[in-house]
Each structure stands twice: as C-alpha cells, then as structure tokens.
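Student: Now for the letters of each chain:
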Amino acid sequence: MAIGISEVGDGDFGTEVLQSDLPVLVDFWAPWCGPCRAIAPVVEELAGVYGGKVKFFKCNVDDNPVTPGKYGIKAIPTLIFFKGGNVSDQITGMVAKAKLEDKIKNLL
Amino acid sequence: MEKVDYDLVIIGGGPAGLTAGLYAARGRMNAVLFEKIAPGGQMLATEYIENYPGFPERMNGVELTQMMVKQAESFGLKIENDAVLSTDLAGTVKKIRLSNRTVAARAVIIASGAFPKKLGIPGEDVFIGRGVSYCSTCDAPFYRGRTVAAVGGGDTAVQESLFLTKFAEKVYLIHRRDRFRAEKILQERALANEKIEIIRDTIATGIEGSTAVEGVSIRNVKTGETGKLAVDGCFIWIGILPNSAFADPALKLDPFGFIVADAEMITSLPGVFVAGDVRSTPLRQIATAVGDAAIAAHSAERYIESQKA
Numbered sequence: 001m002a003i004g005i006s007e008v009g010d011g012d013f014g015t016e017v018l019q020s021d022l023p024v025l026v027d028f029w030a031p032w033c034g035p036c037r038a039i040a041p042v043v044e045e046l047a048g049v050y051g052g053k054v055k056f057f058k059c060n061v062d063d064n065p066v067t068p069g070k071y072g073i074k075a076i077p078t079l080i081f082f083k084g085g086n087v088s089d090q091i092t093g094m095v096a097k098a099k100l101e102d103k104i105k106n107l108l
Numbered sequence: 109m110e111k112v113d114y115d116l117v118i119i120g121g122g123p124a125g126l127t128a129g130l131y132a133a134r135g136r137m138n139a140v141l142f143e144k145i146a147p148g149g150q151m152l153a154t155e156y157i158e159n160y161p162g163f164p165e166r167m168n169g170v171e172l173t174q175m176m177v178k179q180a181e182s183f184g185l186k187i188e189n190d191a192v193l194s195t196d197l198a199g200t201v202k203k204i205r206l207s208n209r210t211v212a213a214r215a216v217i218i219a220s221g222a223f224p225k226k227l228g229i230p231g232e233d234v235f236i237g238r239g240v241s242y243c244s245t246c247d248a249p250f251y252r253g254r255t256v257a258a259v260g261g262g263d264t265a266v267q268e269s270l271f272l273t274k275f276a277e278k279v280y281l282i283h284r285r286d287r288f289r290a291e292k293i294l295q296e297r298a299l300a301n302e303k304i305e306i307i308r309d310t311i312a313t314g315i316e317g318s319t320a321v322e323g324v325s326i327r328n329v330k331t332g333e334t335g336k337l338a339v340d341g342c343f344i345w346i347g348i349l350p351n352s353a354f355a356d357p358a359l360k361l362d363p364f365g366f367i368v369a370d371a372e373m374i375t376s377l378p379g380v381f382v383a384g385d386v387r388s389t390p391l392r393q394i395a396t397a398v399g400d401a402a403i404a405a406h407s408a409e410r411y412i413e414s415q416k417a
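Sequence lines, in order, name chains A and B.
When we follow the working numbering, the leftmost residue of the first sequence carries the number 1, and every step to the right adds one.
When we follow the working numbering, the leftmost residue of the second sequence carries the number 109, and every step to the right adds one.
Worth flagging that the hints you see were computed from the coordinates, not collected in a lab.
Possibly wrong hints are sitting among the right ones.
Cβ-to-Cβ under 8 angstroms is the rule here; a few derived chain A residues that face chain B [stated by the list, open to error]:
1. P31
2. G34
3. A75
4. T78
5. V95
For every residue, glycine included, the Cβ atom is placed at its ideal position computed from N, Cα and C.
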C-alpha cells in the first residue's frame, strides 16, 4: 500500500474511493484557496502515519466539478471521510491536527 | 529556579507570532512557537493585502505567510504544530499545556489571534460549508454567476464583498446601521460597484434552505419591515472574537475577552506579553500585529535577562 496522498478526480472517484476496501479521506481543495494550501502539509503528515490503514486522496475542485457538486461542497477545504462507499464524517474549514487525527482514528 | 524547557514560548503563528519569533530567533533566544493549525492565521483567509507596506503589488495572504515563515526559520525559529490547551502563567515558571505534554518557560508571548464571530441566527450552523461562509477567498468561486448575501459593515465585510463580485452576479451587503465603519476607500469602491446592493439599517434574522442555503430573512431595525432575499450563499463578517480561552484566568482581559497590555505589551502577569489581534487594541491589521510583536519580543528579552541575572 502506497503511503502518501494521491490525486483523485471525477473519472476514478468511484473505483478509488467508493469501492475502496480501506476507509478513505478525501481532501477537496483548489490552488486559489489559502487555507487549503495551509492545511495540506498537516494532511500529508497524517497520510505518512496512517497511510497503510486509510487511503488519502486530494481532489482539485477546479479540475473536477462533478464530485464536489455531488457532495454539496460549497466551501473548501472540505475533508470527507468515506467508509464502505458512504460518507462517515466531514470537516469544513481549517482544522487542528489533533482533531483531524481523532477523526482518522475513528475511521479505523 | 525550576528548570525550564525554553526561555520563551510564543503562542500562535499569525503575523504577530511569526514576527515575535523572528525577533526572538534573531536575538538568539531559546524560543519556540506553537501553532495549532498552520502558520498564517487570518492572513490565510485574505485574498489580497494592500495596506502592508513594501508590497505595492497586492500581496496574497498565503504568499506573505510563506515569506514570514521562511524569514523567521532562516534565523532558526522552531515552529511546532500543536495546540495550547491551557496555561499557568502566574508563577516565575510558566506552564503551557499542549495536546500531549506540558512545557515550562520563563516568558510567554501570546499571539493567538482571533476568529470570526457568528451571527447566532437560525440556520447559520446548519449550513456552514453549504452556503454559509466566513471566508470569501476559500469559497467565493463556488458562487460564479450566483446571488449571495454578505453581512457586516467593517473593513473585512466591504473588502470581501468586493472580492465576491469577481464571481457572484449580485451581492446584497446587509448592514445593521446606516453608516459603515469600513475605510472610506473601500466604501467608495463598494458604492461604485454595480453588483453590490447595500441594504442599510437591516439585520439578518435567519438562513433558510433545504439541503443548501436558498434564502436569508432580514428585518429593517428602523421600520420593523421584514423580507426575504433569495440567495445561494451567505457570507458573514461581523467582527472577531479573541482566541484567549486557554489563557490563565488571572490574566486581565477587556470586557470582550481581549488581553490588556501597556505600550510595552506587558500584561497584568509578569513575564507574559501579548501581540496582535488577541490584544485589546483600537486597530487590528498586519502592520499593527508585527509592531506589537517586535515590542513584545523586546520586552520579553529584557524580562528574561532580568530573571537570569
């Protein structure tokens, strides 16, 4: 299992995220979003720690309009946690590392 | 004296904390900065900064943050990603409780900043991330060609409403008073912008929708007249609240919870200094935050030297 964050988009969201055997965290972001860029290193750090147990993806909302629309995303950063193809949790806005880590642990 | 881990702990990584860190690191102090989310603070949510001197081409908040971090780290500042949960600051050894340990320091600079105040009206919490927003630089592009409401009358409300017009078709700027507190130059731009419709003497009383925001209910505070605006989003900029919950209860605060200090950034507790938006101050800008921080670092250094003497 690769450790780290991969890109996911409208094309492969179904296979990579919804059909994943492991729980998944998707970080919806865009290059113009300051807070998204600011929390990216935190998400990456946690991907390094939990990468074997949880799949971490980034989804650029500019390049992939369909998926954010499907999940009603109107604000970023939004982090959505998927388990068995279903949304199990969601965080909108900047989040402290400890809180994000707690939510990741809840997924396991 | 009891052993300390650091001479100086800086709480918060916005412009004030980063500047205090720059001065402390450059002054070869044994200092550390704790930031709970990511360095930058409210600058991260600022699309452009045009009143911080030295950058005539509008500076983006993220870029300015990156430069401040780089500059402070170039002098050896340690920045740790950890949240300060509580502090015990009355004694000569200051205790700072983090998420998984407690550190001891001779002095503390509190630069923990502030966060946006909520309206506290029905629908606000329900629709956060689904139409309710406090950050136009994060969320404005989701409203391309749409109609949105913006609530507030200060600099942030007017500047961010102007930014919204780059995407939204129409922005209703709802202000509870007749006159705006915002800088004149911002007011002039808002008045000249045909996408902005200013609704004065009016408050938002509720945010409605099914799965996302569909409307905002309003009431004119002078006439009592009520109405509803059909909008796809509601941006709220009605001021800020201090991040001072972790502060030692012995620390003197103003009636709004901001930390009181004198001109040398010395608080009511010896060895505790404050800088930036969390301070009780008449103006909250990057320029004032970095000014506060330079003084706070200077005062902290003098205090630490006196303790070691």
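Student: Are there hints from earlier that the structure breaks, and if so, what are their numbers?
Tutor: Result: hint 1 breaks, nothing else.
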